[in-house]
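**Q** Below are the chains, spelled out letter by letter.
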Amino acid sequence: MTKPNRFFTILAGFLTLLAISLPFTRFAHAETFLSPHYKIEYGNFNITSGKKTNSTMILTDTVGQNAPGAFTNTGFSLKSGFQYIYTTFNQFTFKIENGKLNINLGTLVPGVGATDTNVISITSPSGHGYQIYSQESHLFRNFTGQTIPNTSCDVGSTCTESSSGTWTSGTTYGFGFNALGINSSNTVNGVGTSDIFPNDTYYRQFANVGAPDFKNPQIIMTESFPVKNHRARITYKANIPGNQPSGNYETAITFTAVPFY
Amino acid sequence: MAFFDVTLTPAQVEIVAKPGTLITQVFTVTNNSDNTIYLTPSVSVWQPNGPSGLITYIDVPKNPYFDFSLLNSDIYLNKPFVLEAHSTQQVVLKAKSNPETPLGDAYHTLFLTQTLGETNDVSSSPSTVARIGSHFLVSISNSESPTVQSKVIAFHASPVVKDIFLTPIRFDGQITNLTDYFFKINGNLTITKNNLVIAKIPLSPDNILANHSRSVTCLKNDTPIPCVLNPPLWPGKYTATLSLDPSMNTQNASFDFFVFPFSFVLLASLVALLGLFVWRQSRTLSKTK
Chain Y
0 MTKPNRFFTI LAGFLTLLAI SLPFTRFAHA ETFLSPHYKI EYGNFNITSG KKTNSTMILT
60 DTVGQNAPGA FTNTGFSLKS GFQYIYTTFN QFTFKIENGK LNINLGTLVP GVGATDTNVI
120 SITSPSGHGY QIYSQESHLF RNFTGQTIPN TSCDVGSTCT ESSSGTWTSG TTYGFGFNAL
180 GINSSNTVNG VGTSDIFPND TYYRQFANVG APDFKNPQII MTESFPVKNH RARITYKANI
240 PGNQPSGNYE TAITFTAVPF Y
Chain H
0 MAFFDVTLTP AQVEIVAKPG TLITQVFTVT NNSDNTIYLT PSVSVWQPNG PSGLITYIDV
60 PKNPYFDFSL LNSDIYLNKP FVLEAHSTQQ VVLKAKSNPE TPLGDAYHTL FLTQTLGETN
120 DVSSSPSTVA RIGSHFLVSI SNSESPTVQS KVIAFHASPV VKDIFLTPIR FDGQITNLTD
180 YFFKINGNLT ITKNNLVIAK IPLSPDNILA NHSRSVTCLK NDTPIPCVLN PPLWPGKYTA
240 TLSLDPSMNT QNASFDFFVF PFSFVLLASL VALLGLFVWR QSRTLSKTK
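Protein sequences appear in the order of chains Y and H.
Numbering that gives the first Met the number 0 applies: residue 0 is where the first sequence begins, and numbers increase by one.
Numbering that gives the first Met the number 0 applies: residue 0 is where the second sequence begins, and numbers increase by one.
No wet-lab data here; the hints were simulated from the structure.
One or more hints might be untrue.
Pulled a few chain Y residues facing chain H out of the computed Cβ check, cut under 8 Å [said to hold, decoys possible]:
hint	residue
1	L100
2	Q130
3	S223
4	F224
5	Y260
Cut-off 30 Å, straight-line C-alpha distance, at most; resulting in silico cross-link-like pairs (DSS-like, lysine-lysine) [claimed, not checked]:
hint	chain 1	residue 1	chain 2	residue 2
6	Y	K227	H	K199
7	H	K61	Y	K214
8	H	K93	H	K183
9	H	K95	H	K183
10	H	K17	H	K61
11	H	K219	Y	K227
12	H	K61	H	K95
13	H	K78	Y	K214
14	H	K183	Y	K227
15	H	K78	Y	K99
16	H	K236	H	K150
Partial selection, computed: residues in chain H whose CB lies under 7 Å from chain Y [stated by the list, open to error]:
hint	residue
17	F3
18	T6
19	A10
20	S51
21	L53
22	I57
23	S126
24	I131
25	G132
26	N206
C-beta atoms are modelled at their ideal positions from N, C-alpha and C, and glycine is treated no differently.
So that you can see chain Y by itself, here it is in the shape it has in the complex:
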């Protein structure tokens, strides 16, 4: 009778300890990668890691990682631990803000310039600047294939896909765009764009990557230092002469954002 009593006492003690420790249990999080042939799972069990600073020093640590450090294998270099993550584990965000992707210039009327705008926004990774390119897939055209050429800007102020010029005259025809850096209140500050578009009277052609031009995409906004939510307003403008059929014209504009290396 003595042995079962001792067994149940030990079991009760064990269950009590288990019950007490359960609320303090933390669940491990692991990553899973799947392919038709492989399933790879791994977890990171470090207790704490991060970057601590005070006025005189900066400390980065990884505590509890199974195998922190830099390792090499045949043909490979593996860096394991927080110190090897934070320098490269950075986010890059690109946004077209104002709730639309379409360019709506309405039905173009000869001699009446039409404009529409988009707002783009960029957050670059820590330590890196960014560059944003633009391009058009083909010339601005209607469903019958008639095209509106890219603007050359006002007489005496020539613009191309890589140089800006003023476009204020009502008798200057074509399709072009302007990009101006703006702040969170939509006030123009020219940040990232002032070297390319000095003000809102300056326009450029979109680089036509299609026939017949086959041009290269061009930078429309860039900064060499890291930024957070830097924005630019893109203004699209089209004006057609009297002999140009009115109607709906279209093209596809692509904005490409990449960080500095």
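Once you've looked at the hints, dock chain H against the given chain Y.
**A** Same frame as chain Y, now just chain H:
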């Protein structure tokens, strides 16, 4: 409300691998918008364009020694996939280098291009589309830490007239990578006067790509900034030195510059002239009386 709002992580990957190695890298793409979007992954090769960190994809030939694909079972290169609003997707890039790959660097970008539907064609769309990229820097080497060599060029200070009060003195220079492997800048800009250190500013750990130059920038609170020395400064002879880590196999570069009390002398002259003028006026007045 945004119709395209995408975050790509990491923004850059840097790997050293031996020829013939299979490399896999996970990129995480997040759709922060309220809309379902379609994205098409693709890989493009690039090269540096100038010393500021700009890159170009123009006229850069495809690297024949690398073969890219995705390890995902349901996502393929050059084919669109759907990403629901406020959701995240891992894109697992596989890069297979040929065993015959020449030693040296290869630079690529993983692009995610927005498409307006399940088709890959964006050219028939009367609209804008966005594209976001993350860089993939690979050094093909038989050593984990390839030996690098570099030199400092065009190290100088501006403006030409350096005054004790007027404007900050800006330091510019470039570091040229003389090898086939990229490396990070690791060093300091030190300003001394009479062998006393006035300022020691860490350089930003920017990458210098193979056989290219990179402008140096300084680091303040982990953020790259232009290298400047702010006034006020004592007049005299100063020495600026760009010292790099010995692993970069670079000779330190330094030059002397002088700070003069131009603004003080100008102000003192003006005050003296004014005093002289007042004194003469008072003498003239007293003679008239």
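**Q** Would you mind marking each hint as holding or not holding in the structure?
**A** Against the structure, the hints come out as follows:
no.: 1; hint: L100; verdict: holds, 5 Å
no.: 2; hint: Q130; verdict: holds, 6 Å
no.: 3; hint: S223; verdict: holds, 5 Å
no.: 4; hint: F224; verdict: holds, 5 Å
no.: 5; hint: Y260; verdict: holds, 5 Å
no.: 6; hint: K227/Y x K199/H; verdict: holds, 28 Å
no.: 7; hint: K61/H x K214/Y; verdict: holds, 19 Å
no.: 8; hint: K93/H x K183/H; verdict: holds, 25 Å
no.: 9; hint: K95/H x K183/H; verdict: holds, 25 Å
no.: 10; hint: K17/H x K61/H; verdict: holds, 20 Å
no.: 11; hint: K219/H x K227/Y; verdict: holds, 17 Å
no.: 12; hint: K61/H x K95/H; verdict: holds, 14 Å
no.: 13; hint: K78/H x K214/Y; verdict: holds, 25 Å
no.: 14; hint: K183/H x K227/Y; verdict: holds, 24 Å
no.: 15; hint: K78/H x K99/Y; verdict: holds, 24 Å
no.: 16; hint: K236/H x K150/H; verdict: holds, 25 Å
no.: 17; hint: F3; verdict: holds, 4 Å
no.: 18; hint: T6; verdict: holds, 4 Å
no.: 19; hint: A10; verdict: holds, 4 Å
no.: 20; hint: S51; verdict: holds, 5 Å
no.: 21; hint: L53; verdict: holds, 6 Å
no.: 22; hint: I57; verdict: holds, 4 Å
no.: 23; hint: S126; verdict: holds, 4 Å
no.: 24; hint: I131; verdict: holds, 5 Å
no.: 25; hint: G132; verdict: holds, 4 Å
no.: 26; hint: N206; verdict: holds, 5 Å
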